[in-house]
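Student: Chain residues, written in single-letter form:
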Amino acid sequence: MNFYLLTLIKMALTALVLLTCCAYAVWVERKVLAHIQLRPGPYRVGPHGLLQPLADLIKLLTKEGIVPSYANPFFYLLAPFLAVALALTAIVVIPFTPEFELFGVRTAIGLTDLNIGILFLLALSSLGVYGIAIGGWASNNKYSLMGSLRSSAQMVSYELPLAMAIVSPLLLVNTLNLREIVELQNGFHFGLLPKWNVFASPVPQALGFVIFLIAAFAETNRVPFDLPEAESELVAGFHTEYSSMMFASFFMAEYANIITICCVATVLFLGGWHPLWPAEYGSDLVPVVLLAAAGLMLLFHAAQAARRRKWDRFTFPVFGVLLLGLAPVFLIPVLKPVLIPFFWFVAKAGFLVFVFIWIRGTLPRYRYDQLMRFAWTFLFPLSLANLLVTGLVVALAG
Amino acid sequence: MDVLLFLIFAAIAVGCALNLVLQTHPISSALSLIGVMGSLAVLYLLLGGEFLAAVQLIVYAGAIMVLFVFVIMLLNAGGEKKPSKKVLRTAVALPLLFTLAGVAAYVLASQAPRTETVKFGAYVAGPYEVGKALFTTWLLPFEVTSILILIAILGAVVLARKEI
Amino acid sequence: MNPTDTALDSRLQEIAPEAEGAPRRMVLNMGPQHPSTHGVLRVILELDGEIVTKARPDIGFLHTGIEKQAEALGWQQVVTITDRMDYLANLSNNLAYALSVEKLLGVEIPPKAQWMRVLLAELSRINSHVVWLGTHALDLGAMTVFFYCFREREDLLRIFEMFSGQRMMTSYIRIGGLALEPPRGWERAVRNFIRGLPEKVNEYEALLKENPIFLRRTQGVAVVPLERLLDLGVTGPMIRAAGLGWDIRKAEPYSSYEKFDFRVPVEQESDVYARFLVRLEEIRQSARIVEQALDGMPEGPWKADAPHVVLPDREKMKTQMEALIYHFKIVTEGMRVPAGEAYVPVESPRGEIGFYVVSDGGAQPWRVFMRTPSFGNLQSLPEMFEGRLIADTIAALGSMDFVLGDVDR
Amino acid sequence: MPDLAQLLAAEVPLSWYLILSVILFVIGAAGFLIRRNIITVFMCIELMLNAVNLSFIAFSHKLKMVDGHIYSFFVMVVAAAEAAVGLAIILTVFKNRETLEIDEVSSLKL
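Residue numbers (the numbering used here), protein chains in the order written: chain A, 1 to 398; chain B, 1 to 164; chain C, 1 to 409; chain D, 1 to 110.
For the record, the hints were derived by calculation from the structure and aren't laboratory data. Built from N, CA and C at the ideal position, the CB exists for glycine as well. Be careful, since some hints might not be right.
To be verified - What follows is a list of derived Cβ distance ranges for each label pair:
hint: 1; chain 1: D; residue 1: 105; chain 2: C; residue 2: 68; range: 55 to 65 angstroms
hint: 2; chain 1: C; residue 1: 288; chain 2: A; residue 2: 299; range: 42 to 52 angstroms
hint: 3; chain 1: A; residue 1: 377; chain 2: C; residue 2: 35; range: 53 to 63 angstroms
hint: 4; chain 1: C; residue 1: 387; chain 2: D; residue 2: 98; range: 46 to 56 angstroms
hint: 5; chain 1: B; residue 1: 135; chain 2: A; residue 2: 377; range: 21 to 31 angstroms
hint: 6; chain 1: C; residue 1: 65; chain 2: A; residue 2: 377; range: 47 to 57 angstroms
hint: 7; chain 1: B; residue 1: 96; chain 2: A; residue 2: 389; range: 29 to 39 angstroms
hint: 8; chain 1: C; residue 1: 35; chain 2: B; residue 2: 153; range: 29 to 39 angstroms
hint: 9; chain 1: B; residue 1: 153; chain 2: A; residue 2: 389; range: 48 to 58 angstroms
hint: 10; chain 1: D; residue 1: 98; chain 2: B; residue 2: 24; range: 14 to 24 angstroms
hint: 11; chain 1: B; residue 1: 15; chain 2: A; residue 2: 293; range: 50 to 60 angstroms
hint: 12; chain 1: A; residue 1: 389; chain 2: B; residue 2: 143; range: 17 to 27 angstroms
hint: 13; chain 1: C; residue 1: 387; chain 2: A; residue 2: 377; range: 21 to 31 angstroms
Unchecked claim - Stretch-level coverage of chain C by chain A, calculated; a stretch enters the list once three of its residues show a Cβ under 8 angstroms from a Cβ in chain A:
hint: 14; region: 292-305
hint: 15; region: 348-354
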């Protein structure tokens, strides 16, 4: 097949999936937070609020986009576009599966295979600050300005520990290509413990992983580092003045960034698509078992008359049958080399996204000066030490 | 394809550079400069400078320019209000400059051999090549730059203190 | 120059005048619509970077003229507007007003009513502190605590509704006793709530007390020395967090508080964290008081035997001529209070609340002056803000625990 | 007029890169002369540095040597150091003089 045609198809698919994931990440976040906080969360639109993202989208699309009279209209309108474009671009270098052959075409899920994939990601993440900075400045609102000043300082500061944390696993794998990084993490210690970079042999990168996650929280402006939009101090920070689709763009950018950074963490530290335990102990069956269990549980609840609610009467059996039907797909030999790695990748990245939400439900917010002090006096030296130790051990081990 | 990409990004670079000079508000200028840097990064890629293209974005566009934007926002300085009073100087300087540019371009175009072309992929200086050169041949200058940076940091810290 | 700077109104200029030749500072108008000014407080901040150099509170956005309104209402009717001042601890307000008027009237309140009042006042203290804890945590970014706290608040509001038929504006404590007979089953509802409370308080404590981020946000923040607090007229948990164990329930017991065994928590640091600890402990102590009140609730009438003050029972009104006459007189003319003046302070969740009532012998108060704790506590705002970061102002505002209705009345 | 396929297949002459570099440099120099705002002037200097970097890399491609990249790398390092110190100076100047007009800060003492 033509390279360009294939790439176009893949681009369209990736964009579609990523945007849907962003929308549903919001739903998942609201649901998880709600359950942490002892409330049901979105419940009205669709069964269990499943259509809530769609409703939100329609609401935001049909709202009037207001440009404040003192704002700088060009930059005010440019900022959300910049933010969302940069956030969505980063996903192109993530390899989701190994290469496989399907209908005579050799390809992989994932758009490109850059030699300098990591550098590309770093470049995009360092540009990501502009959307926020320009948006806050152009709104001509003091809260927004303060939010964007905070964010530029914060993102520049946390980029250092982030980059340092990325560099140490790179020392182990000796390549900048994300696909090769994942492929090098293949195999198991003692036939059981996966050879992911978190458990890598001379120097396990567990510390690097933690530093990376902390810096990632700061880079994506999430609790406890959500200072740029700290709603109790700066109203809504840099997007105080934004409404309608422009606001939605910032929102989407935030979630796209979270998803991307979780994927990067999966690739760099958690062994990408490699399973948690060897296939000979049945790791291939995990998705089947999970889906089947979920389907059976739904059918069980559907059969229980007492728990039935209006929507559930219809949706529980339908989704139960759907999930049960989906389970054996993972057993089809042709699809197996695609779906099983993809499942593991999505499972790991999804778990990290869950951690992001979980932290949001647990921790209070840092103060601005404490945040900067934390980056420069704790996180940065720690990541530097981690890098030095890793480098030393790698050099000594030859 | 090469020509097309070159022309597109060269046009963007020149357009952004002109905009940088012509805009009165520093934020517009800063964003134009980021545009120049972005398109130059693509041109570096065409020339095989993979590593430099990435560093251009990470260091130049992502760190130095953020600093500029930060300072502009911090000072909240508006655009230039009055045009320059030294009309004569400008009137003489600009034509001279463009003459210089024209002459330089002419000389370059006539001197450079026509056959000398740039082929994408003919020469690649990725992180490996740059790193190797940097840590073998250029080790001393590289270490000296670290001292330079240290001094710059100290200078910036001293200057930014409240007392001055 | 930011165009919004020139658009600031003259009010702001008068509150935060920009000195001639002073370095350029940003003036930030925080509120009256801001997520964490707890209502409609407006604080005008002068900022140097993120540091507050000057802070001026601008109150009055919730001014409802309650004090003046009281002069146009009957004695008993004023109870309903006291609910609307400090809407989180309305029963304490009711109690303070009722005690002052009862002092003028000289009526004796039966023990059961007194104990009920203690019980309800403590429940409303728990209510107020729980809402404070939730909103304070939300201000600091801990969203989940807020929802947990509102779960308790919901239980409490159900209890209040059970007593009075109203969730917030209960007006349950009236001059001469209570408004209604306590409903059937109230004891079980309160006991269930109180039994579960300590465990939940422990849960909140576990979420916040040793959380390093929370500690950094609160310890050493918004410290005001005790002497300044005393000068400014600050009372309640804020002053107890500064090392002075002043609690009117202990110092000048009212409504038979002397018969209860409880501890007044005192901390020394006078920072946001100390205030947090004091209030958290007060929730526990209040729970203890409520338990004691439940266990030792005396039997007897729930309103005073004062026919010229308290409306008679329907039964008596229909059978006894005298009761009918009293009912008619109270309803048509209102009850009369002998001329004089009285002030009985009460320890509300926020500090000392008192109603200085002056009567000219008529059916309406001649003057009701309200000494409200929120107003006094708010006086310390500039001292807490100045020289601190914007983020600290939020923590400080939360730690003051004011209710704007109480400030502006 | 060359047809599209020919254009697509053609390679870029090295001199085009050099001419682009000259054009950018001259624009930067012009901006350096006519702008009044210190920050913009500073940015024009960065533009000139960038223009020079482009020719370094173009020559590096011609000579098939990595040295041009190394030079550019050093230029970036110097630019970073320069930006840090320069912007700190600008901040201090603004703090003391309340202006960014380059002509108004020409005297060393107030």
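Student: Could you run down the list of hints and mark each one as holding or not?
Tutor: To see whether the hints hold, each was checked on the structure:
A hinted range of 55 to 65 angstroms holds for the C-beta pair residue 105/D and residue 68/C, which are about 59 angstroms apart. The given range of 42 to 52 angstroms is respected by residue 288/C and residue 299/A, whose C-beta atoms sit roughly 50 angstroms from each other. Residue 377/A and residue 35/C have their C-beta atoms about 31 angstroms apart, which leaves the hinted 53 to 63 angstroms range violated. At roughly 24 angstroms, the beta carbons of residue 387/C and residue 98/D sit outside the given window of 46 to 56 angstroms.
Take residue 135/B and residue 377/A: their Cβ atoms lie about 29 angstroms apart, and the range 21 to 31 angstroms holds. At roughly 54 angstroms, the beta-carbon separation of residue 65/C and residue 377/A lies within the given 47 to 57 angstroms, and the hint holds. In this structure the hint that residue 96/B and residue 389/A lie 29 to 39 angstroms apart at CB is violated, the actual value being about 58 angstroms. Checked against the hint of 29 to 39 angstroms, the pair residue 35/C and residue 153/B passes, with Cβ atoms roughly 38 angstroms apart.
Taking the beta carbon of each, residue 153/B and residue 389/A are about 24 angstroms apart, not inside 48 to 58 angstroms as hinted. The hinted range of 14 to 24 angstroms is satisfied by residue 98/D and residue 24/B, whose Cβ atoms lie roughly 19 angstroms apart. For residue 15/B and residue 293/A, the Cβ-Cβ distance of about 59 angstroms falls inside the hinted range of 50 to 60 angstroms, so the restraint holds. Against the hinted window of 17 to 27 angstroms, the Cβ-Cβ separation of residue 389/A and residue 143/B comes to about 21 angstroms, which satisfies the hint.
A C-beta distance of roughly 22 angstroms is found between residue 387/C and residue 377/A, which places it inside the suggested range of 21 to 31 angstroms. Residue count for the region 292-305 of chain C with a Cβ under 8 angstroms from a Cβ of chain A: 0. That is fewer than the three needed, and the coverage hint is violated. With a cut-off of 8 angstroms between beta carbons, the region 348-354 of chain C has 0 residues touching chain A; three or more are needed, and the interface restraint is violated.
The structure fails to meet hints 3, 4, 7, 9, 14 and 15 from the earlier list, while all remaining hints are met.
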